[in-house]
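Asker: Take the sequences, apply the hints, and build the full model.
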Amino acid sequence: MVRKKDGSPLFCVDYRELNAVTRVDARPIPHIDDTLDAVPEAKWSSTLDLASWQVEVAERDWEEIAFSTPMGLFQFRVMLFGLFHGKT
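Converting from the sequence shown to the working numbering requires adding 38 to each position, the first position being numbered 1.
Don't read these hints as lab results, they were simulated from the structure.
By construction, the Cβ of each residue, glycine as well, lies at the ideal position given by its N, Cα and C atoms.
Be aware that a few hints might be false.
Unchecked claim - Here are the computed distance ranges between Cβ atoms for each label pair:
hint : residue 1 : residue 2 : range
1    : Asp99     : Ala64     : 16 to 24 Å
2    : Pro66     : Arg98     : 43 to 51 Å
3    : Asp63     : Trp100    : 16 to 24 Å
4    : Lys42     : Thr85     : 20 to 28 Å
5    : Lys42     : Pro68     : 31 to 39 Å
6    : Ala76     : Phe119    : 27 to 35 Å
7    : Thr60     : Ser84     : 26 to 34 Å
8    : Arg98     : Ala58     : 38 to 46 Å
9    : Arg61     : Val93     : 12 to 20 Å
10   : Pro68     : Gly110    : 21 to 29 Å
11   : Val116    : Gly45     : 22 to 30 Å
12   : Glu97     : Asp63     : 27 to 35 Å
Answerer: Set out below in structure tokens:
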């Protein structure tokens, strides 16, 4: 647990060791013009900010992102900030 600038608590896990051995799965981000050309008839568009705590983690990976505290061992089921493929 760390403190935010406003003094409120922020839960975080140090994933530096896991990130150091995580395989890079780099994929190019589509150019915005190509994306817009793919939907020429669209009348509306929107954006979503899918950051931490919103993207599900595959069950096979729960053990990899587990963490321990004095209260026990825990496994996340959603992407936490600090994970290599969960950059925020």
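Asker: Looking back at the numbered hints, which does the structure fail to meet, lowest number first?
Answerer: Hints 2, 8, 10, 12 contradicted; others consistent.
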